[in-house]
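This is what each chain is made of:
There are 2 protein chains.
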Amino acid sequence: MSKTPALSKAEATKQKIVEQAAHLFNQQGFAGASMADLMAATGLKKGGIYNHFASKEELAIAAFDYAIEQVQLRYRNVLRQERHSLDRLIAIVHTFRDSTYNPVVQGGCPILNLAIDSDDTNPVLRDRAKQAMDDWRSLICKVIERGIKQGEMQASIAADQAASIIISTLEGAMMMTKLYDDPIHLERAAQHLSQFIKTMEA
Amino acid sequence: MSKTPALSKAEATKQKIVEQAAHLFNQQGFAGASMADLMAATGLKKGGIYNHFASKEELAIAAFDYAIEQVQLRYRNVLRQERHSLDRLIAIVHTFRDSTYNPVVQGGCPILNLAIDSDDTNPVLRDRAKQAMDDWRSLICKVIERGIKQGEMQASIAADQAASIIISTLEGAMMMTKLYDDPIHLERAAQHLSQFIKTMEA
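Residue numbers (my numbering), protein chains in the order written: chain R, 1 to 202; chain C, 1001 to 1202.
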């Protein structure tokens, strides 16, 4: 195991700001998270925050990148435990469903939240959400393409089309589950998608 | 046809504020739509707006209710043209898909936007989003329940479960279509749901 170099005090403070801000922005949105909220969450004064970030937008981007890194780490760990491409897809679906019980960051899916928050208002944040969504689609496409190559999935499957369906269903169900504070919608989505994924078997 | 009574000047101004605010809130969110934005959109001064609404929240609720009324009117008109329950469900899916080309209010689905905007922050607005979502689920459930009663759909179908799937898939696809400014995700969702709905046939 490689040693992680110790963070300087300034780097540690910056990292702490990013982590606290990730939860705050993911719950309250970019416009909804005020400087007073950021100060309360981090325990720092305005100058202590702006010492590390040139603007609220720069902090929001760092916070989103941190959230996405944590999410991607979780999926990588889950996928390492599955070999068959169908099991890998179902593991992705179950990991998303279970995130409602065990969230990486408070407030639901960071991509969904940033997409809705930024799509009509902030092109810089919207591009960040797009990049994260591209990675999420690409992860699913790679699992399907490898599944086809290994003869586990039908060659006729359009990977990007299936990725749209899986992600749409999960993200919409996350919205409903958060709205009602009721996991049933994500449970139903996961069940529906498991059936959908099984129809892909070669 | 019944005559609609003419609006007083004050009522007409109030109605105009609500309509303009509906587009603004649906695009920018509750926190993101500032008083300056509302003044620019309506062409009124702050006092001219607060003359009609006690608070920004009261205006946001009126704007959301207006948006939902318009959306519900569209679905009622569409459903009036279909008799078979399968056709009615598919018409709901197609109407949602087509709203990306022909939106009732700018900014995508008002329920999705308000749900994400309010779920962790504003219980009053969140309850409003829940009410609208209840109506949307209830509409789909009634179509399915009538379909079962008339022998057009399988008696084993759980209406509320199917409603969760249909709404989740559409709302998630709306998020992706808006994020990428690309109708393909809603097109794929509509195609997938049409197949899903066809499996319900008796």
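There's no promise every hint is true.
Unchecked claim - DSBU-like cross-link-like pairs, simulated, lysine-lysine; straight-line CA separation at most 35 Å:
| no. | chain 1 | residue 1 | chain 2 | residue 2 |
| --- | --- | --- | --- | --- |
| 1 | R | LYS142 | C | LYS1014 |
| 2 | R | LYS56 | C | LYS1016 |
| 3 | R | LYS130 | C | LYS1149 |
| 4 | C | LYS1198 | C | LYS1014 |
| 5 | R | LYS46 | R | LYS16 |
| 6 | C | LYS1045 | R | LYS46 |
| 7 | C | LYS1046 | C | LYS1014 |
| 8 | R | LYS198 | C | LYS1046 |
| 9 | R | LYS9 | R | LYS46 |
| 10 | C | LYS1056 | R | LYS56 |
| 11 | R | LYS56 | C | LYS1198 |
| 12 | R | LYS56 | C | LYS1149 |
| 13 | C | LYS1149 | R | LYS16 |
| 14 | R | LYS45 | R | LYS130 |
| 15 | C | LYS1142 | R | LYS56 |
| 16 | R | LYS16 | R | LYS45 |
| 17 | C | LYS1149 | R | LYS45 |
| 18 | R | LYS14 | R | LYS130 |
| 19 | R | LYS46 | R | LYS130 |
| 20 | R | LYS56 | R | LYS16 |
| 21 | R | LYS130 | C | LYS1009 |
| 22 | R | LYS198 | C | LYS1009 |
| 23 | C | LYS1056 | R | LYS46 |
| 24 | C | LYS1045 | R | LYS198 |
Hints are computed from structural coordinates only; laboratory data are not their basis.
None of these values were measured; they are calculated from a predicted model.
Hint check:
With a C-alpha separation of about 53 Å, the suggested pair R:LYS142 and C:LYS1014 falls outside the 35 Å cut-off, and the hint is violated. With a C-alpha separation of about 34 Å, the suggested pairing of R:LYS56 with C:LYS1016 holds against the 35 Å cut-off. Taking the CA atoms of R:LYS130 and C:LYS1149, the gap is about 44 Å. The hint is violated against a cut of 35 Å. Proximity of C:LYS1198 to C:LYS1014 is assessed by CA-CA distance (about 45 Å); at most 35 Å being required, the pair is judged violated.
Restraint check: the Cα-Cα separation between R:LYS46 and R:LYS16 comes to about 15 Å, which is no more than 35 Å; the hinted pair holds. Distance restraint check for C:LYS1045 and R:LYS46: the Cα-Cα separation of roughly 32 Å lies within the 35 Å cut-off, and the hinted pair is therefore satisfied. Only pairs whose Cα atoms come within 35 Å are accepted, and C:LYS1046 paired with C:LYS1014 is accepted, the gap being roughly 13 Å. Between R:LYS198 and C:LYS1046 the CA atoms are separated by roughly 57 Å; this puts the pair beyond 35 Å, and the hint is violated.
Annotation: proposed proximity of R:LYS9 to R:LYS46 holds, straight-line Cα distance about 18 Å (limit 35 Å). About 24 Å separates the Cα atoms of C:LYS1056 and R:LYS56, which keeps this hinted pair within 35 Å; it holds. Restraint check for R:LYS56 and C:LYS1198: not satisfied, since their Cα atoms lie roughly 49 Å apart, outside the 35 Å limit. Between the alpha carbons of R:LYS56 and C:LYS1149 the distance comes to roughly 56 Å, so the proposed pair goes past 35 Å and is violated.
Pair hint C:LYS1149 plus R:LYS16 does not hold up; C-alpha atoms about 58 Å apart against a cutoff of 35 Å. For the hint pairing R:LYS45 with R:LYS130, the CA-to-CA distance comes to about 32 Å; that is within 35 Å, so the pair holds. Proximity of C:LYS1142 to R:LYS56 is assessed by CA-CA distance (about 47 Å); at most 35 Å being required, the pair is judged violated. The suggested pairing of R:LYS16 with R:LYS45 holds, with an alpha-carbon distance near 14 Å, which does not exceed 35 Å.
With a C-alpha separation of about 64 Å, the suggested pairing of C:LYS1149 with R:LYS45 is violated against the 35 Å cut-off. For the suggested pair R:LYS14 and R:LYS130, the alpha carbons sit about 25 Å apart, so the restraint of at most 35 Å is met. For the suggested pair R:LYS46 and R:LYS130, the alpha carbons sit about 30 Å apart, so the restraint of at most 35 Å is met. Taking the CA atoms of R:LYS56 and R:LYS16, the gap is near 15 Å; set against the 35 Å cutoff, the hint holds.
Our distance criterion of 35 Å between C-alpha atoms is broken by R:LYS130 and C:LYS1009, whose separation comes to about 45 Å. Pair hint R:LYS198 plus C:LYS1009 does not hold up; C-alpha atoms about 61 Å apart against a cutoff of 35 Å. A hinted pair counts as satisfied when its Cα atoms are at most 35 Å apart, and C:LYS1056 with R:LYS46 qualifies at roughly 27 Å. Note on C:LYS1045 and R:LYS198: the hinted pairing is violated, with a Cα-Cα distance of about 59 Å set against a maximum of 35 Å.
In this structure, the earlier hints numbered 1, 3, 4, 8, 11, 12, 13, 15, 17, 21, 22, 24 are contradicted, and the remaining ones agree with it.
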